[in-house]
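Protein chains: 4
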Amino acid sequence: MKKIGVFTSGGDAPGMNACIRAIVRTAIYRGLEVYGIRRGYNGMIKGDIYKMESHSVSNIIQKGGTILRSARSTEFMTKEGRRKAYEQLQQHGIDGLVAIGGDGTFTGANIFFEEYGIPTVGAPGTIDNDLFGTDYTIGYDTAVNTSLDAIDKIRDTADSHDRVFFIEVMGRDSGYIAIPCAIGGGAEIVMIPETDTSIEYVVETLRTGWRRSKTSFIVIIAEGGEAGSATEVAAKVQQALPHMDARVTILGHVQRGGSPTAADRMLASQLGIACVEGLLTGRKNVMAGIINAELVYTPFIETITKDKVINPQFIDMVNILSV
Amino acid sequence: MKKIGVFTSGGDAPGMNACIRAIVRTAIYRGLEVYGIRRGYNGMIKGDIYKMESHSVSNIIQKGGTILRSARSTEFMTKEGRRKAYEQLQQHGIDGLVAIGGDGTFTGANIFFEEYGIPTVGAPGTIDNDLFGTDYTIGYDTAVNTSLDAIDKIRDTADSHDRVFFIEVMGRDSGYIAIPCAIGGGAEIVMIPETDTSIEYVVETLRTGWRRSKTSFIVIIAEGGEAGSATEVAAKVQQALPHMDARVTILGHVQRGGSPTAADRMLASQLGIACVEGLLTGRKNVMAGIINAELVYTPFIETITKDKVINPQFIDMVNILSV
Amino acid sequence: MKKIGVFTSGGDAPGMNACIRAIVRTAIYRGLEVYGIRRGYNGMIKGDIYKMESHSVSNIIQKGGTILRSARSTEFMTKEGRRKAYEQLQQHGIDGLVAIGGDGTFTGANIFFEEYGIPTVGAPGTIDNDLFGTDYTIGYDTAVNTSLDAIDKIRDTADSHDRVFFIEVMGRDSGYIAIPCAIGGGAEIVMIPETDTSIEYVVETLRTGWRRSKTSFIVIIAEGGEAGSATEVAAKVQQALPHMDARVTILGHVQRGGSPTAADRMLASQLGIACVEGLLTGRKNVMAGIINAELVYTPFIETITKDKVINPQFIDMVNILSV
Amino acid sequence: MKKIGVFTSGGDAPGMNACIRAIVRTAIYRGLEVYGIRRGYNGMIKGDIYKMESHSVSNIIQKGGTILRSARSTEFMTKEGRRKAYEQLQQHGIDGLVAIGGDGTFTGANIFFEEYGIPTVGAPGTIDNDLFGTDYTIGYDTAVNTSLDAIDKIRDTADSHDRVFFIEVMGRDSGYIAIPCAIGGGAEIVMIPETDTSIEYVVETLRTGWRRSKTSFIVIIAEGGEAGSATEVAAKVQQALPHMDARVTILGHVQRGGSPTAADRMLASQLGIACVEGLLTGRKNVMAGIINAELVYTPFIETITKDKVINPQFIDMVNILSV
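Chains as they are written, first to last, in the numbering used here: chain A, 1272 to 1594; chain B, 1272 to 1594; chain C, 1272 to 1594; chain D, 1272 to 1594.
Please note that a few of the clues may not be correct.
Copies of the same chain look alike in the list, so a pair counts if it works inside one copy or between any two.
Below, in silico cross-link-like pairs of lysine to aspartate or glutamate (EDC-like), each with a Cα-Cα straight-line distance of 20 Å or less [as the list claims (entries may be wrong)]:
hint : residue 1 : residue 2
1    : 1273      : 1578
2    : 1485      : 1385
3    : 1577      : 1366
4    : 1579      : 1565
5    : 1485      : 1319
6    : 1273      : 1497
7    : 1485      : 1324
8    : 1317      : 1433
9    : 1274      : 1433
Think of the hints as simulated: they come from the structure by calculation, not from any bench.
Build out the structure end to end from the sequences listed, making use of the hints.
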């Protein structure tokens, strides 16, 4: 292997730049040439590819987003699109790839390898932490801290006004972001897709709280749950509790940005190094991850198909701690 | 004057605690007794009143929200409510009031004085900065910085994805929060209630930008404008520009919380001192404010009825700087 | 067991309040009475002890420091001091203790148990992360992020001025704080007590960097190393490189404060629960910790005497990534 | 005027990038060509000059430091140095300059104009706020908020340990940074170069506080005062109060960095525009500033020689509010 390409794909996540930096510098340290591919598979198809040097990644470790930009590519889902991508890589002499992204990214890489034989090693870059094969994904710790910071601010005003706040956090189909937000934010209730928190439970908990003369409440709602969005949950609860002074806040895209935390910079740096080392030792179609402080490579297919399960004790914790 | 009461009313704002601290300590320094009234006029009516000491306000200067809590009172709008409030003040021997709040607060204080003769001096506590009689209101600088911090995070992801973000900020009927968010956030467009930014203008600006190969845009929208909420504006623009990748974020109640900035702590401290000094020198029904670095007392009636005008140059700045 | 006492001892750490909250609420949830002991062993000796309720720990999860205050006690090192402490606990009917602190705290608890048989379960509360028996200590993640935030700011000015910054971080005798600061801060060199980084190496690395036309550098120095403090290292390097424009910053006590990160709030909450559950299941003289996501109780004596070793790969990472 | 040059000089300050951005975009908006000069007068002498476009300043408004880098130039103090600088400007056809910096910068510009007739308009870029001709300098608000944030963290640990903290902030010869840090940080004592706070006063205030059972104290010390550095003051006070548990923290270069606040971005943007408009309307050797919300141009010579006086009421405020 002499020349590798690196790209980011799917939703961006804080720490992607730290990972790009580690990939570029490790490649150079190990005598490889390294090329940046802009806008994920789209840039691969269009040949939006440039040679990167050590200084190309100077002073980016602390930056949110991705200097390589990201996109979701529909064209790469077609045979024709992948053929074009292959031709571009050929033209640049690229014989290995590092992909930073999530399951869509790895699915694409898998098919691409089967067709053209260019090996890819991946780094898990998504705020949702819902990838099997790593304890944490790059961007997750930052997203949680960003959300928690917002929840702390909202609690200032909740406390001042005797209100019930329904706060929606991201997470796609999982409660990974919601759980530490609820525990760390001192919330009374958490609703995540993995469990079946009913509207009745929410209503009952608020009623009990009022009886014990609690006056302000925070309910954390992960997007994607059965009970609906924060707006919908709030409306349903309001019907049962017409005197409740409720407010809804949807944290939204703020959660994707910001300077990565120390943990995300460390993780991104470790996994960036591991991606390059993986390619050099002949690995392909695997994602680098850290499980119990050990570096682990997991086949793309498992990262996509296997489920990662949230520790159920964390849900009990919310109940105990809001006693 | 021997005993004064202090309360916060209306929407809470960062710096209210710093103001309470300054009021309590100045009162003690000047030999007065000082009483905290909880939950605004509601607490006055119910007699939720307690004696405050110097240590009652220790370690609160950096806290968001208000330790005295706040509420909007419908009962105080009735003659009967105000009579009860008067009786409670009488019972505690309170012969002067300091009110931290906005125009609703001051309107109530005005009527109350006419009926019962208890003088009130007010401090402008609202994130909206829409009160005549002061350059800045307590909480405004913090709210702007909180919003800007969120916008910085959103731009990370906007840049990474070639997107158009429509971001809604608070401000009631004014663009005071939106303007520095737009200039400081490097936004391409700002829409505020004071001007008539048409949907056509937004569409045209985005089209021109794309032609100049700009790929990501930020549009700041103050709540309360004619063109509608951020969600509505985005939908209308999307119709004209179907290929646009648009996202909407409503910053919401996050803007009300957080630790006050240095400027808000300074302003709150200065105005807290000025409220007590004002009462001691016989002022009544006036709001303390700072205009051009000078302390000014403005009659409540003027703070409510007179308009505060945004410097129109600030709107031009957005256009020049996004060239 | 019916009544337990809780105290914080030694240097304070962010997350101690989150831990106190979890201890108090779990105790109440499990039907125990819980007493707060102020200022560590000093308060135990003086009987500065008060009953805590659920609301005693409301709204403290996000606060730095410790509401129970902390102190180092010389009196508790004497037999007489411990006898007084025992009498106070007897008087309050306290038959179990939860101690949040570090090795000094646990050493004291061990002796106290041998003499008076009151069981203690401990939670590791120190920013230094140098306790055996847990992957992370409460406060460590926050301290690292606080330091990194400061280093990011310093790099702004380092880059603007072509300077070499020597930044000293805390850590007592270990490089746990320094390592992620160096990797996450994009530093060129890290000096920690565990390794023997010579002044010659620093000088040579800077010379090589200049030759490759790097113009600004960051050197992270953990306190307690052989080469001396940041001030001493900078002076020695300056002698060898008289043209270097060097600046020294000692981050100092800023690192101990601040609102705890999400990870620290989670860890503190988990360990707080575990301390109470531990006492209830008959454990004594053990510290609750999390190793590889599993709850582990380690005898105090081992937490004090056994060494926790930094992953040596982390040091190599600094070299690779600053290539 | 057709071509202008822009540079930053002296100590860097947050907001310099926002100012560079405003200068470049206003110049382009007004049909001028604009050149960036790197490393202040040094780059002018060496011809380190490049053409800037609108996109050269994309996404820098939120960044600390200066993308043009800064330096203090000894060569420009010589006739020979200035001659070289002139020749470089001639070669690039630059017939107007915008300088962002402090008094050293403006002194140089003044002499340069007398010798070669190239007009300069300046923007006040320094965290110290000690320039006559503007209420605030670019970077001041950010530096104060950064310091205050650090002081808030230190107070967490001060409160937890019953300690006296002596915290040194920047400010060259003025107390501009120290004053809002003391008021906003809830400090008990502030020592600034403008007043004569004796060690006796500090000792007496601490003694009085202890008598009133205050247990933790914060003393803010501006660098450059008669009583000495924070380390020296602490040592002297310790002699008089041997039982005091004192700690010293020197905030240092952290204060220079970080993302600029909203107020600094606004000020920097306004003054950047004003510099270009000033050159276009024939102004020379003046600094643009904002006094009482009005744009004012002040001759360089006055900005250097005239004194800006701190409002003495601010010092009284520290005493009243720590009652």
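Okay, the hints, checked on the actual structure:
no.: 1; hint: 1273 x 1578; verdict: neither (35 Å within a copy, 42 Å between copies)
no.: 2; hint: 1485 x 1385; verdict: neither (59 Å within a copy, 37 Å between copies)
no.: 3; hint: 1577 x 1366; verdict: neither (29 Å within a copy, 47 Å between copies)
no.: 4; hint: 1579 x 1565; verdict: both (17 Å within a copy, 16 Å between copies)
no.: 5; hint: 1485 x 1319; verdict: between (57 Å within a copy, 17 Å between copies)
no.: 6; hint: 1273 x 1497; verdict: neither (49 Å within a copy, 42 Å between copies)
no.: 7; hint: 1485 x 1324; verdict: between (58 Å within a copy, 13 Å between copies)
no.: 8; hint: 1317 x 1433; verdict: between (55 Å within a copy, 16 Å between copies)
no.: 9; hint: 1274 x 1433; verdict: neither (61 Å within a copy, 28 Å between copies)
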